[in-house]
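S.K.: Those sequence lines, one after another, are chains A and B.
With my numbering applied, the first sequence covers 1 to 346.
With my numbering applied, the second sequence covers 347 to 576.
Calculated from the structure, these hints are not laboratory results.
Just so you know, even glycine gets a beta-carbon here, dropped at the ideal spot from N, CA and C.
Just so you know, not all the hints are guaranteed correct.
Claimed, not checked - With a straight-line Cα cutoff of 20 Å, these simulated EDC-like cross-link-like pairs (lysine to aspartate or glutamate) come out: (1) 79/A to 419/B; (2) 393/B to 466/B; (3) 541/B to 406/B; (4) 449/B to 80/A; (5) 541/B to 366/B; (6) 474/B to 419/B; (7) 214/A to 181/A; (8) 564/B to 526/B; (9) 225/A to 39/A; (10) 449/B to 140/A; (11) 438/B to 141/A; (12) 24/A to 303/A; (13) 362/B to 424/B; (14) 396/B to 419/B; (15) 449/B to 141/A.
To be verified - Covered stretches of chain A (in silico footprint by chain B; criterion: 3 or more residues with CB under 8 Å from a CB of chain B, positions within the stretch not fixed): (16) 131-139; (17) 165-179.
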Amino acid sequence: MNPYTNLPSEAFWKTAVATKNMFKIDNLWNPKFNIRPTDKIVTYGSCFAQHIGKALKERGYSWLSTELPPYGLSALNEKEFNYNIFSSRTGNIYTTSLLRQWIDWSIVGGNTPREHWENGGRFYDPFRPRIEPNGFRSSEELMASREATMGAFKTSIIDADIFVFTLGLTESWFNKKFGYEYPMCPGTAAGTFDKDQHVFKNQQFDFIINNLNKSIDTMMRINNKLRFILTVSPVPLTATMSGNHVVTATIESKSILRAVAGQLSANRPYIDYFPSYEIINSPVFRGSFFEANQRSVDSYGVDFVMNTFFNSLKDKFHHVPKKKDAGVVKYDEVCEEELLAAFSKN
Amino acid sequence: MKNICVIGDSHTACLKNAWDKICYKNTDVAVTFFANPSDGMKNLKAKNGKLVATTSDLNDVLSFTSNGALPIDFEDYDVVFLYGLKLGEYIKTSGVFSEAVSKQAIIDHIHQSLLWSVLEQVRLVTNKEVHVGLKPLLSSSLSYRNVHVSKYLRGIEKMNDYVFKKKNSVLLAQPLKTLENGIRTKEKFAMNSSKFISPRSQSRSYHSDDDPTHMNDKFGELYIKQMLSI
Chain A
1 MNPYTNLPSE AFWKTAVATK NMFKIDNLWN PKFNIRPTDK IVTYGSCFAQ HIGKALKERG
61 YSWLSTELPP YGLSALNEKE FNYNIFSSRT GNIYTTSLLR QWIDWSIVGG NTPREHWENG
121 GRFYDPFRPR IEPNGFRSSE ELMASREATM GAFKTSIIDA DIFVFTLGLT ESWFNKKFGY
181 EYPMCPGTAA GTFDKDQHVF KNQQFDFIIN NLNKSIDTMM RINNKLRFIL TVSPVPLTAT
241 MSGNHVVTAT IESKSILRAV AGQLSANRPY IDYFPSYEII NSPVFRGSFF EANQRSVDSY
301 GVDFVMNTFF NSLKDKFHHV PKKKDAGVVK YDEVCEEELL AAFSKN
Chain B
347 MKNICVIGDS HTACLKNAWD KICYKNTDVA VTFFANPSDG MKNLKAKNGK LVATTSDLND
407 VLSFTSNGAL PIDFEDYDVV FLYGLKLGEY IKTSGVFSEA VSKQAIIDHI HQSLLWSVLE
467 QVRLVTNKEV HVGLKPLLSS SLSYRNVHVS KYLRGIEKMN DYVFKKKNSV LLAQPLKTLE
527 NGIRTKEKFA MNSSKFISPR SQSRSYHSDD DPTHMNDKFG ELYIKQMLSI
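Work out the full structure, taking the sequences as your base and the hints as a guide.
M.R.: Laid out in structure tokens, this is it:
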């Protein structure tokens with residue numbers, strides 16, 4: 001007898017993987033805590049997080065949106081104007097430092113930058129550069145919108161039962177003088193790049209985990225019933241400033257993010273990790289969930305990830321919410337980072 | 347003789363009833379009603395320069411309401427009026443919205459309606475100016491805070507500026523005498539409202555008095571008089 005004798009079959013490569021059809025690989029996630037259909041769930045993070053929010057709605061879970069569109073707006077234009085993509089209109093939050101920035105502005109109450117970008121008489125928010133398809137009418141309108149989102153972001157944290165955050169990137173851009181972070185390099189989605197003002201940072205483990213720890217601590221102070229689910233985006237980098245090959249840079253980034261998520265999940269009982277990254281990227285699935293560009297996750301992959309999520313909850317906690325009609329609108333995720341591909345020379 | 351063509355849904359019933367009462371005073375005007383309840387007008391399509399009913403049900407109902415005036419040939423009419431057809435007033439949501447998304451929301455509100463679908467079919471066969479009326483504001487016995495009527499009229503103006511003017515059409519407000527608190531139709535106009543008479547029923551019946559959506563012949567009379575002044 002030894003400690004391995006009584007381990008379940010999924011603990012062994014032979015029984016969990018080698019002798020199975022890859023699409024029958026299961027028990028990938030053992031949820032730490034239940035998510036009831038009535039639990040209010042908020043989602044934020046990188047592009048892939050959008051699939052989680054959408055799937056929650058479709059499967060009858062209570063996905064919380066605290067910044068609703070105006071009456072009459074069509075489903076297609078809701079997406080154009082970034083309503084109901086994340087739980088409030090923050091746009092993509094790619095890094096843990098961006099998450100902490102939103103929390104500092106919205107909850108702690110730090111001064112928000114007055115910076116705005118102007119182009120063709122329209123005004124663009126550096127912290128949500130594509131939140132409106134053609135920018136804002138004025139800087140005042142831009143600031144009012146950002147303030148409204150900060151309020152909605154805070155409300156979403158106060159009201160939520162579950163906070164789902166998808167870690168996306170380690171590569172980031174900061175304002176050299178003032179220290180705040182941009183979700184996109186200035187000059188890509190909007191704005192103008194200035195090497196004297198804008199500095200690249202490829203974030204390392206300690207920086208990332210400290211920001212995520214502080215973010216979670218602050219959120220817990222205003223809502224101590226919150227539980228967290230961390231995921232790592234399985235989508236490779238569109239581009240890298242690291243000086244390395246994009247494949248190498250991708251693996252390094254994702255490895256760091258995965259280690260951060262794993263450590264937090266191991267150390268706090270109210271934080272769980274869901275393995276969407278592994279499902280899409282593990283060699284056992286042979287890259288079968290990627291589109292031809294070997295970067296975009298296809299709809300079968302998204303379904304496989306989300307089926308794993310919901311089936312794991314059902315298997316452990318035995319509840320099946322009613323599936324809602326998803327409606328006829330099918331759309332691609334809103335992903336500013338994809339824009340970087342436009343700058344490649346080919 | 348001024349010929350008016352009215353295309354609408356069940357809300358048209360009060361206009362038709364009112365017209366029947368006052369038509370003898372307006373012998374130089376002829377009004378033809380093409381009306382079908384609910385969303386049946388989605389089957390009214392442009393064909394050979396006219397609008398035709400593409401289902402037998404719609405054909406039967408429109409033949410009945412118009413006394414056999416199908417297909418709809420806009421060469422026969424001086425004034426074209428679309429009424430109701432699932433388009434209500436734009437309801438401004440509370441919240442902070444950009445000018446761009448507010449405008450888009452009003453546009454989408456109109457574009458997603460049956461009235462817009464019918465107007466697009468009309469535009470395939472004629473460039474004549476089209477007048478448009480929303481389904482009536484709801485009536486209510488509850489008291490609401492007063493909203494100045496200018497807010498309602500600003501909403502009408504925006505719908506015209508953003509959408510209807512671009513289609514050579516004009517949206518009309520319902521008669522201001524019918525409004526209460528600037529946002530509701532006076533309750534007295536919702537009492538004893540007639541139901542739509544179809545070829546099958548052919549007898550008059552009434553909505554219940556707690557139906558806040560359909561209006562009575564007195565409402566219809568005020569509306570028709572406004573329409574006659576076009």
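S.K.: Hints first: check each against the structure and report whether it holds.
M.R.: Hints, one by one, checked against the model:
no. : hint           : in the structure
1   : 79/A to 419/B  : 40 Å, violated
2   : 393/B to 466/B : 13 Å, holds
3   : 541/B to 406/B : 18 Å, holds
4   : 449/B to 80/A  : 14 Å, holds
5   : 541/B to 366/B : 15 Å, holds
6   : 474/B to 419/B : 12 Å, holds
7   : 214/A to 181/A : 16 Å, holds
8   : 564/B to 526/B : 15 Å, holds
9   : 225/A to 39/A  : 11 Å, holds
10  : 449/B to 140/A : 18 Å, holds
11  : 438/B to 141/A : 18 Å, holds
12  : 24/A to 303/A  : 14 Å, holds
13  : 362/B to 424/B : 18 Å, holds
14  : 396/B to 419/B : 5 Å, holds
15  : 449/B to 141/A : 14 Å, holds
16  : 131-139        : holds (count 5)
17  : 165-179        : violated (count 0)
This entry does not satisfy hints 1, 17, going by the numbered hints stated previously.
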